[in-house]
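Undergrad: Chain by chain, the residues:
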Amino acid sequence: MSTATTELTYTSDEMMSIAAARALSAGQRCFVGIGLPSTAANVARRSHAPDLVLIYESGALGAKPDRLPASIGDGILAETADAVVSVPEVFNYWLQPGRIDVGFLGAAQLDKFGNINTTVIGDDYANPVVRLPGAGGAPEIAASCHEVYVIVRQSKRSFVDRVDFVTSFGHGRGNGDRARLGLPGAGPTLVITDLGVYRPDEHTSELTLTALHPGVTVEQVREATGWQLRVADELARTPAPTSDELAVLRALKEAS
Amino acid sequence: MAEIVSLADAVAELVRDGDVVALEGFTHLIPVAAGHEIIRQRRRDLTLVRMTPDIVYDQLIGAGCARKLIFSWGGNPGVGSLHRFRDAVQNGWPEPLEIEEHSHAGMANRYVAGASGLPFAVLRGYTGTDLASVTSTIKQITCPFTGERLAAVPAINADVSIIHAQRADRAGNVQLWGLVGVQKEAVLAAKRSLVTVEEVVDELEPVDGGIVLPSWAVTRVAEVPGGAHPSYAQGYSERDNGYYAEWDPISRDRAEFEKWLERTRTTGVPA
Chain G
391 MSTATTELTY TSDEMMSIAA ARALSAGQRC FVGIGLPSTA ANVARRSHAP
441 DLVLIYESGA LGAKPDRLPA SIGDGILAET ADAVVSVPEV FNYWLQPGRI
491 DVGFLGAAQL DKFGNINTTV IGDDYANPVV RLPGAGGAPE IAASCHEVYV
541 IVRQSKRSFV DRVDFVTSFG HGRGNGDRAR LGLPGAGPTL VITDLGVYRP
591 DEHTSELTLT ALHPGVTVEQ VREATGWQLR VADELARTPA PTSDELAVLR
641 ALKEAS
Chain W
361 MAEIVSLADA VAELVRDGDV VALEGFTHLI PVAAGHEIIR QRRRDLTLVR
411 MTPDIVYDQL IGAGCARKLI FSWGGNPGVG SLHRFRDAVQ NGWPEPLEIE
461 EHSHAGMANR YVAGASGLPF AVLRGYTGTD LASVTSTIKQ ITCPFTGERL
511 AAVPAINADV SIIHAQRADR AGNVQLWGLV GVQKEAVLAA KRSLVTVEEV
561 VDELEPVDGG IVLPSWAVTR VAEVPGGAHP SYAQGYSERD NGYYAEWDPI
611 SRDRAEFEKW LERTRTTGVP A
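Respectively, the protein sequence lines represent chains G and W. To convert a position in the first sequence, counted from 1, into the numbering used here, add 390. To convert a position in the second sequence, counted from 1, into the numbering used here, add 360.
These aren't lab readings, by the way, just hints derived from the structure by calculation. Even for Gly, the Cβ is constructed at its ideal location relative to N, Cα and C.
Computed Cβ-Cβ distance ranges for the label pairs, DEER-style:
#  : chain 1 : residue 1 : chain 2 : residue 2 : range
1  : G       : 607       : W       : 595       : 48 to 58 Å
2  : W       : 586       : G       : 621       : 49 to 59 Å
3  : W       : 402       : G       : 576       : 46 to 56 Å
4  : W       : 600       : G       : 402       : 24 to 34 Å
5  : G       : 565       : W       : 402       : 48 to 58 Å
6  : G       : 402       : W       : 560       : 52 to 62 Å
7  : W       : 453       : G       : 613       : 36 to 46 Å
8  : W       : 569       : G       : 441       : 15 to 25 Å
9  : W       : 479       : G       : 576       : 26 to 36 Å
10 : G       : 402       : W       : 453       : 35 to 45 Å
11 : W       : 565       : G       : 574       : 38 to 48 Å
Next comes chain W alone, as it looks inside the complex:
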């Protein structure tokens, strides 16, 4: 059963140096506050997994939390590049970042395999691209029934997956709706999981298109209103487009970034 705890306690307990950590949320419900808590607790050597690394991964990489990134698209959506990510890849600052690069279809299927308890997933993917030549976790496989050549990608089973959802009840059952991305698969594939929620309620009212993760499939729940900011939580908050634009000059400049990092670490309130 998922225990409801504070965000700081949940991160301290669940996220350890050297872990494989997946923060998921496909531009909606991004668990940004949890990412900032990982930065504050100065975790290191993490293998960060995320289909769409955006601002919060730029911040984690710039803060030196990551050793490796497994991903399929890294950018500041609607704005441009992630300059901390680029600085790490191109210049090894603040430390070298190993990358393992896939397509969205490949990453989504890796989580599906992980959630299904299978060692790998099969898809019609990567054909003719250079990705297979630079990424060792893309292999060819022959269908035993038709002889078709297909791509195989290994399951992702993170040590801990972290997502943000709209609500949980007091027993720790979690409800989310809107664009639900790959969050369910990420949680079910992981050894441990943390869900931050907008609010904890007495009873979960059904919502159109909503999904529920039963309490017994989640390790810890933390109530963090606004925990997806600057992304949005459908029914609770709007996307803060200004933040995405304002991140660009901070991200471009190491000194500006370090000021941001110091503020985030000391005040607990990222500006």
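Bound conformation, chain G alone:
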């Protein structure tokens, strides 16, 4: 039992990274995107899941960086990896046959069925309002990993009813769409934001709020959601970051 009453101060971004890190289990093989996913995965590996296997699309299998990589091809990934392989090999031999447990992705837009857009904002692909970077490895990561975790800062702009462009397929328009398309993995099973945690409803696959981070209200979450949000009957409260978790996260950031 905790007897400490000291209030730790932390940001909502830190809460998000730590909540995401906690979702990763020891021994899992995790395909990691750069940015928020990489931060969370490295916190997990340096705390409760030291044997977490980090796979980066640049070709580093089992990377063990002691700081956050600045890019997907940061030299520290190759130098600390169990194996370094070519980019075609990463996708063809390691991702495509289903060897990876968790695909950890970010998103510019995420919709209520967990579809991801990182391509364009606006309805007209040829004349976009905002041109985004594009797909990278995400479409096949979202298809072939056993499950997908998405980490994204939540707002009405990022959390939308329907994405402007499906870059990476989540659950389509609802339950059964993945199976109909023959997609091998389970798709997004967990979404973590700076406000809370979401899981797809087991019948409809619609993302449902299942946990609130400390200090966040359902009203705040609804304000930052672009659809009529469903809330789980038993809404959990994310435990606040521990001092150990914050120390690991901050040390990684400082080393970078």
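Model the placement of chain W on the given structure of chain G, informed by the hints.
TA: This is chain W only, laid out in the frame that chain G set:
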């Protein structure tokens, strides 16, 4: 056999207006100096191919060298967007840019097909995404053995592929190591190839995880120390993270970019 020549001579000889040109290097060993030489020699109407167009492609696009871009992820890694690329796509400045957009798995397989002398590659990809509806080079195919529906993508056979490597010997055999990306496939898929290297040595010492491209598979080699800057060359140089950050305000502003372009064209030393 790969002849060892100057970078300027190699670009003048190998890269022609209207060519399909691939510069590869997956955040490591990016052939940036060769890209700047293409800008200096004012090549035009190029179809630029690259899995991860980053700063050097932003520069080539802003300089008006490109008519079309074939890619899978375009950004300034760790910083944000490519604003010259965005300006070209959103506003047609300095000229309209046609795009052909894939995923990494699709692009990697297109190079593999090209290197293998096959017309197309097969992968389990793009399923359910909108990419197939906007990109004409993504098709469906049925496996003749199992009936599984799969994606087919055509081979990329660039007119010229350009990569940067750590070393070559005097006979033009090329050695690279670390994250080797898709460079071998890009070179073998292309009609002509140029490899810039950190140094030319008498003998290539074996390196763990290293690959060698035999001289007879490469068209030209040019010695360009630091030719991957601001990316890095494992064993030779570190990534210049400051350059990536400093590119952002230059890229955001047409006037700032044009100053950069003028400096690059006149001094040969991009600042």
